[in-house]
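So the chains spell out like this:
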Amino acid sequence: ELKVEQNPLFLSMQEGKNYTIYCNYSTTSDRLYWYRQDPGKSLESLFVLLSNGAVKQEGRLMASLDTKARLSTLHITAAVHDLSATYFCAVVRFNTDKLIFGTGTRLQVFP
Amino acid sequence: EAGVTQFPSHSVIEKGQTVTLRCDPISGHDNLYWYRRVMGKEIKFLLHFVKESKQDESGMPNNRFLAERTGGTYSTLKVQPAELEDSGVYFCASSQVLGTGGFMNTEAFFGQGTRLTVV
Chain B
1 ELKVEQNPLF LSMQEGKNYT IYCNYSTTSD RLYWYRQDPG KSLESLFVLL
51 SNGAVKQEGR LMASLDTKAR LSTLHITAAV HDLSATYFCA VVRFNTDKLI
101 FGTGTRLQVF P
Chain V
112 EAGVTQFPSH SVIEKGQTVT LRCDPISGHD NLYWYRRVMG KEIKFLLHFV
162 KESKQDESGM PNNRFLAERT GGTYSTLKVQ PAELEDSGVY FCASSQVLGT
212 GGFMNTEAFF GQGTRLTVV
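Note that the protein sequences, when read in sequence, are chains B and V.
In this text, residue positions in the first sequence follow the working numbering: the first is 1, and each later residue adds one.
In this text, residue positions in the second sequence follow the working numbering: the first is 112, and each later residue adds one.
Only chain V is shown next, with the shape it has when bound in the complex (with noise of 0.2 angstroms):
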């Protein structure tokens, strides 16, 4: 079975430019994750859908950072205009959802990240 993957998995850009980042998820995970690591910091959570809905937003930085999750399935962070802060891994996941809660009681899995370089 497939696991979580991402693309690109490096992307360089220039400062003012537009980036999409793309997650597919494991088949069958509703949750969705985006996380991001900045050089040297911890991981830190931006965003969780619970398939296309937005459950959770209060980790993205502004409003330049766009996601979507159209039809529940794969995902797609955009950054627009990128600034050279927002230069790091951004790191993809998925879980089941058990239960009513709805929160993860399930394990996460990881895609390999994407590494963005603005320059």
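The shape of chain B in the complex, shown without the other chains (with noise of 0.2 angstroms):
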């Protein structure tokens, strides 16, 4: 059965600094993907990984997926308050359609 977990549940941060969100899954899978959720707000696509060593990055964010290590990590550089939400993980079961999530993330960045 295909797991996700996802660490830390909870990150307090202050602004400029930075930090790391893991994700680790426990079989094959073709693609992940990275959703921010602000409350109350649809999931939002912040980025798909679909190959070893892919890495994408939007302003602060950047994602990386390691295939071999069942690893995906989401890299903030110094922080601002606008990224304060929730961030999830997911990954597709290969040959279905379901997006098999982690348990979220949940950002707080303070002055």
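Don't take each hint at face value.
Below, a list of computed lysine to aspartate or glutamate pairs in the DMTMM-like style, where the Cα atoms sit at most 25 angstroms apart [as the list claims (entries may be wrong)]:
1. B:K41 / B:E15
2. V:K155 / B:D38
3. B:K56 / B:D30
4. V:K189 / V:E163
5. B:K41 / V:D135
6. V:K162 / V:E179
7. B:K3 / V:D167
8. V:K165 / B:D30
9. V:K126 / V:E194
10. V:K155 / B:D66
11. V:K165 / B:E1
12. V:K152 / B:D30
13. V:K155 / B:E44
14. V:K162 / B:D30
15. V:K162 / B:E44
16. V:K152 / V:E125
Some chain B residues close to chain V (C-beta under 7 angstroms, calculated; not the full set) [claimed, not checked]:
17. K41
18. S42
19. L43
20. S45
21. D97
22. K98
23. F101
24. T103
It should be emphasised that the hints constitute simulated quantities derived from the structure, not laboratory data.
Cβ atoms here follow ideal geometry from the backbone N, Cα and C, with glycine treated the same way.
Please dock the two separately framed chains into a single complex, following the hints provided.
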């Protein structure tokens, strides 16, 4: 059974600092997503990672994928308050259409 | 272009009552998915429609949950009778179908969710 573990569950960080959110998954998958959710809003797709070694960057966020280690990271550089949200990683189970989600990381950035 | 919309945004009902959630996918998206997040836990898959057909309903918790997608457009998810453990946020997502495999090889777009509270 495909399982996705995400950590930390909660992250409180000061503006300007760097941090990394980790996403481990247990079996083969053909793609991994990172989503952002603001309270009461929809899940917004941030990145889709398809292959080993894939790295994508958007603003202060950078996501990477190591399929051999079954690990993805979401790195936050010089955090700002606007990044406060809940971040989910999700893996598509191979040959299915199911997204298997991690538990989410609630990020709070304070001055 | 309108995104995925869900109604209502919030619902508070008593145990034993019936609630119907609605999802309007993005126009032209044949794939429609329902997911649920119970407080503090991961978002879990409930079921998947391709047009009006149920492709995969392996995540439906029990027979108190009934999902329909008449005509392959909007979908409803009815909970009858509701129990306390049904409380959570119900998300709907839609995506296009590309190729013959039918799998989600295109990005899924999510609605804002319906927060259901059963008291």
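What hints, given by number in increasing order, does this structure fail? Failing hints: none at all.
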